[in-house]
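Visitor: The chain contents come next:
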Amino acid sequence: MTPRVSPDRIVSTVCPYCGVGCRVDLYVKDEKIYRVMAQEGPPNYGALCVKGRFGLGFLHHPDRLKTPLIRRRKGAELEPAGWDKALDFAASRLARIAAESGPDALYFVSSAKATNEENYLMQKLARAAVGTHNVDHCARLCHSSSTAALSRSLGSAAMSNTLEEIGLSDVILVAGSNTIETHPVVGARIKKAAREGAFLIVADPRRVGLAEVADLWLRLRPGTDAVLFGAMARHLVDAGRFDRGFVERRAEGFEEWWQSARAYTLEFAEETTGVPAARIREAAERYADARAAASYWAMGITQHAHGTENVQALINLAVVAGQLGKPGAGLNPLRGQNNVQGAGDMGALPNVYPGYQPVSDRHVRKRWKALWHVRQPETPGLTMTEAFESIGAANGVRAVYLMGEDPITSEPYQDHVRAALEKLDLLIVQDILRNETFPYADVVLPAASFAEKHGTFTNTDRRVQRIRPVFKPPGEARPDGWITAQLGRRLAQLLKRGWSEAWNYAGPEEVWEEVRLVLPETFGGIGYDRLEREDLRWPCPHERSPGVSVLFTDGFYTPSKKARLLPAPWRPPAEEPSDEFPLVLSTGRVLYHWHGGVLSRRSALSQAYPELKVEVNPADAARYGVRDGQKVWLTSRRGRIRATAWVTDRAPEGVVFAPIHFAEQPANRLTLDAYDPTSKIPEYKFAAVRLEPANDVTPEAAGPG
Amino acid sequence: MSKVSLVVDGYLVQAEPGETLLDAARRAGVEVPTLCFHERTGTRGLCRLCVVEVEGWGRPVPACATEAQPNLVVRTETEALAALRRVVLELLALETDLSHDAGTQTLLKRYAAHPQRWSAPLADRREREPVHDNPFFVRDYAKCYTCRRCIDACGEGVQGVWAYGTTGRGHAAVPGTPLDLPLPETPCVFCGNCLQVCPTGALVPLEELSLAEGGLS
Numbered sequence: 031m032t033p034r035v036s037p038d039r040i041v042s043t044v045c046p047y048c049g050v051g052c053r054v055d056l057y058v059k060d061e062k063i064y065r066v067m068a069q070e071g072p073p074n075y076g077a078l079c080v081k082g083r084f085g086l087g088f089l090h091h092p093d094r095l096k097t098p099l100i101r102r103r104k105g106a107e108l109e110p111a112g113w114d115k116a117l118d119f120a121a122s123r124l125a126r127i128a129a130e131s132g133p134d135a136l137y138f139v140s141s142a143k144a145t146n147e148e149n150y151l152m153q154k155l156a157r158a159a160v161g162t163h164n165v166d167h168c169a170r171l172c173h174s175s176s177t178a179a180l181s182r183s184l185g186s187a188a189m190s191n192t193l194e195e196i197g198l199s200d201v202i203l204v205a206g207s208n209t210i211e212t213h214p215v216v217g218a219r220i221k222k223a224a225r226e227g228a229f230l231i232v233a234d235p236r237r238v239g240l241a242e243v244a245d246l247w248l249r250l251r252p253g254t255d256a257v258l259f260g261a262m263a264r265h266l267v268d269a270g271r272f273d274r275g276f277v278e279r280r281a282e283g284f285e286e287w288w289q290s291a292r293a294y295t296l297e298f299a300e301e302t303t304g305v306p307a308a309r310i311r312e313a314a315e316r317y318a319d320a321r322a323a324a325s326y327w328a329m330g331i332t333q334h335a336h337g338t339e340n341v342q343a344l345i346n347l348a349v350v351a352g353q354l355g356k357p358g359a360g361l362n363p364l365r366g367q368n369n370v371q372g373a374g375d376m377g378a379l380p381n382v383y384p385g386y387q388p389v390s391d392r393h394v395r396k397r398w399k400a401l402w403h404v405r406q407p408e409t410p411g412l413t414m415t416e417a418f419e420s421i422g423a424a425n426g427v428r429a430v431y432l433m434g435e436d437p438i439t440s441e442p443y444q445d446h447v448r449a450a451l452e453k454l455d456l457l458i459v460q461d462i463l464r465n466e467t468f469p470y471a472d473v474v475l476p477a478a479s480f481a482e483k484h485g486t487f488t489n490t491d492r493r494v495q496r497i498r499p500v501f502k503p504p505g506e507a508r509p510d511g512w513i514t515a516q517l518g519r520r521l522a523q524l525l526k527r528g529w530s531e532a533w534n535y536a537g538p539e540e541v542w543e544e545v546r547l548v549l550p551e552t553f554g555g556i557g558y559d560r561l562e563r564e565d566l567r568w569p570c571p572h573e574r575s576p577g578v579s580v581l582f583t584d585g586f587y588t589p590s591k592k593a594r595l596l597p598a599p600w601r602p603p604a605e606e607p608s609d610e611f612p613l614v615l616s617t618g619r620v621l622y623h624w625h626g627g628v629l630s631r632r633s634a635l636s637q638a639y640p641e642l643k644v645e646v647n648p649a650d651a652a653r654y655g656v657r658d659g660q661k662v663w664l665t666s667r668r669g670r671i672r673a674t675a676w677v678t679d680r681a682p683e684g685v686v687f688a689p690i691h692f693a694e695q696p697a698n699r700l701t702l703d704a705y706d707p708t709s710k711i712p713e714y715k716f717a718a719v720r721l722e723p724a725n726d727v728t729p730e731a732a733g734p735g
Numbered sequence: 292m293s294k295v296s297l298v299v300d301g302y303l304v305q306a307e308p309g310e311t312l313l314d315a316a317r318r319a320g321v322e323v324p325t326l327c328f329h330e331r332t333g334t335r336g337l338c339r340l341c342v343v344e345v346e347g348w349g350r351p352v353p354a355c356a357t358e359a360q361p362n363l364v365v366r367t368e369t370e371a372l373a374a375l376r377r378v379v380l381e382l383l384a385l386e387t388d389l390s391h392d393a394g395t396q397t398l399l400k401r402y403a404a405h406p407q408r409w410s411a412p413l414a415d416r417r418e419r420e421p422v423h424d425n426p427f428f429v430r431d432y433a434k435c436y437t438c439r440r441c442i443d444a445c446g447e448g449v450q451g452v453w454a455y456g457t458t459g460r461g462h463a464a465v466p467g468t469p470l471d472l473p474l475p476e477t478p479c480v481f482c483g484n485c486l487q488v489c490p491t492g493a494l495v496p497l498e499e500l501s502l503a504e505g506g507l508s
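So the sequence lines, in the order shown, correspond to chains A and B.
Here the working numbering runs 30 ahead of the position in the first sequence, where the first position is 1.
Here the working numbering runs 291 ahead of the position in the second sequence, where the first position is 1.
Derived by calculation from the structure, the hints in this document are not laboratory data.
Please note that the accuracy of each hint is not assured.
[What the hints assert, rightly or not] Straight-line alpha carbon distances no greater than 25 Å define the calculated SDA-like cross-link-like pairs of lysine to any residue that follow:
| no. | chain 1 | residue 1 | chain 2 | residue 2 |
| --- | --- | --- | --- | --- |
| 1 | B | K294 | A | L198 |
| 2 | A | K96 | A | E466 |
| 3 | A | K222 | B | P469 |
| 4 | A | K222 | B | S390 |
| 5 | A | K222 | B | E310 |
| 6 | A | K59 | B | H423 |
| 7 | B | K400 | A | S36 |
| 8 | A | K643 | B | V452 |
| 9 | A | K222 | B | L502 |
| 10 | A | K62 | B | S390 |
| 11 | A | K62 | B | N425 |
| 12 | A | K643 | B | P473 |
| 13 | B | K400 | A | K222 |
| 14 | A | K222 | B | G446 |
| 15 | A | K502 | B | S501 |
| 16 | A | K59 | B | P426 |
| 17 | A | K62 | A | S636 |
| 18 | A | K62 | B | H423 |
| 19 | A | K59 | B | P478 |
| 20 | A | K591 | A | H393 |
| 21 | A | K59 | B | N425 |
| 22 | A | K643 | B | P351 |
| 23 | A | K62 | B | P426 |
| 24 | A | K59 | B | S501 |
| 25 | A | K643 | B | N425 |
| 26 | A | K222 | B | P478 |
| 27 | A | K62 | B | L497 |
| 28 | A | K59 | B | S390 |
| 29 | B | K400 | A | P33 |
| 30 | A | K62 | B | G505 |
| 31 | A | K222 | B | H423 |
Using the sequences and the accompanying hints, generate a full structural model.
Guide: Okay, here's the thing in structure tokens:
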């Protein structure tokens, strides 16, 4: 095949959308990308999805931010400024607030869409230049439940196996993941594995793509995952079909867990989840009897006010069944963003340093003090959700430096978020495109996209991959890493913390070398030169290691080297349906769009899926007088949005599903600020709503109806 | 399981059980020309370009679709094979606009193909109108020789969606959608994995076509 247009250049890089991290070749002519071809090797083996293939038009959209902007006083307009002025302004305001209210009055939101190097610099900014652990990123909203449960049970929160092993599993369990639409390349591989003989078990209330081809679809009621997996594990022990040897040699906490799991009988599970006991039993036995059974999961189980317990229940099941530490098995959270794995690895988290070293450990703090030449704060920072809640309170956050995040669209209970942002003394927005949060900014710093800089992303199965620039950044936009380092140098000087030389990096490679230096067991063998020639994943301790594919073959990363079984009690959701709000609202994604829609809706993808459609079960449609294609109001205690009804039995009776991608009809206007106590993740997957036909013609969403 | 020993172009080859004659030839460092064959989509055995001679067998067989067996003696380049391949290529060239298929054009030269000795190009295939039915890519079947890679990629091979099938028979055979529905009304998810494997450029991104045609879309 020869392209119809001969390229000026072809650049090898990584897709900016989901966590699969597909390798792509971008064909460029006259400074426009006109063709995207998949590379043949892992992780995507010549495949892409519509977003990576046809959705890069946002790079050239007129809404690209090109000039630094400053709002000198509240109420004034944003005016253009040069970089020095904008950076000096931002730094001096941040320093002043830190001097007045302490360093913890500042909050640093890093970005799962930015590179490893940039995430490292953001947490260094917070910890070294300012002296706070107030740093976090959007994993808080998605897989924080997974990382909390996996860290405490296994000592490591990443996928334990690799995407290449999909074909090696005899049994594949997919829980709360619409993989066909959210990780399409992986969804297609799981479908193919099922066609080729793997036994596919899908746990999901909705008839998602994988549920349609599943050998066993467990259609549980929303929010009952802990009961389902708890009952599966309990049954295995009860029936003597668990991996006794694995539990004895490689796990601890069995007794306490068993006591907590006694109540989760198959009968109780059937009553609570709505899944027949025989199916739960079959799922458990197939999973345990398999030579290799792998679990994959995503937001359906994590985004609950008891999301950590949901994941814990899945972990307990894997431990009890011995499905860890071998090819084709494992616990595999599917990470949603191109570098959310990396953002966590690089320590953009309030309770750990890079490499997940706990902030609370004195010896860890000493090491980082030695590296950065500055004292380290002792108390862990606030999570992002806690930080937003604290704005306006006495010791609350007063200033936020926001990189690549749109909290107006992505945080729950949108009206609360608006009110919070209005109370902030300073909001610095650093992004590539205008979004809903932009109007609240006091400083706007235009950033370069993934296609306009060097660096590395880490995908969901721990693969570190290089991204390469295709274009120059538009206007005066600069790579996030440059901007953060500039702020770091200024803040270090203003706050008299550490050496300003510590912020002189020649480029991303030099930042990466610092990361390798401090995390040799994880990244020691991964250098830019090796990344040019080889596929590498962490942990990769030295130059001759290819990186470890299957984790936990010998020990777990806990102090005892054993996996910890922990109680995973089920709790009901925070806001149950009522007479006034009789339906359950679940929110999530569709194939054509991505998260807040900032990128995908500014590309050709918008033509394929232009407006919000909510899934309504036919029985509910009849009950509430709604027809397919009709405009409807979806209302919760917190507001209402207008959507088009899609009457389908994908949605179970009593549940409506709304995608989150449409800023003008934001699903998060309806969701509530109920948080998991451990992970602080919001309960995006369960709120109480009512549905009614929309007869009026006003297209705008409104406040509480 | 023990290896399969056979001879390809005089080289002794140890193939793995289940491998094809094409795999065996590659082990010997011999590249048999192929067109439709694609490892990932599972497409094989359609174009007949990769025909090889097996001693004692009555007729040439497609290397990509024939299992290696012990003690076969295989020849991949003979006068007779070249003549066969020449005809295959000439007929394809008559049926298909190969202007964006450098690979097949190279093969046409290599086998000294002269399509015009058969007839004029077949207008009903060469003059098919491109199909513009979605915001992402165009199906320009004038450039298609029905290798089926797209159909296989969409179906069993990669995506498991089956938005394409073959419509028509014989010379009229062409990939198409059920009932000729526009792609957006089929299960197509616009992954472009068909475009990825199309050897002739019949499947082309709209952006690329617009650029090529000077901004017309």
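Visitor: Which numbered hints turn out to be false for this structure?
Guide: Hint check: 4, 9, 13, 19, 22, 31 fail, others pass.
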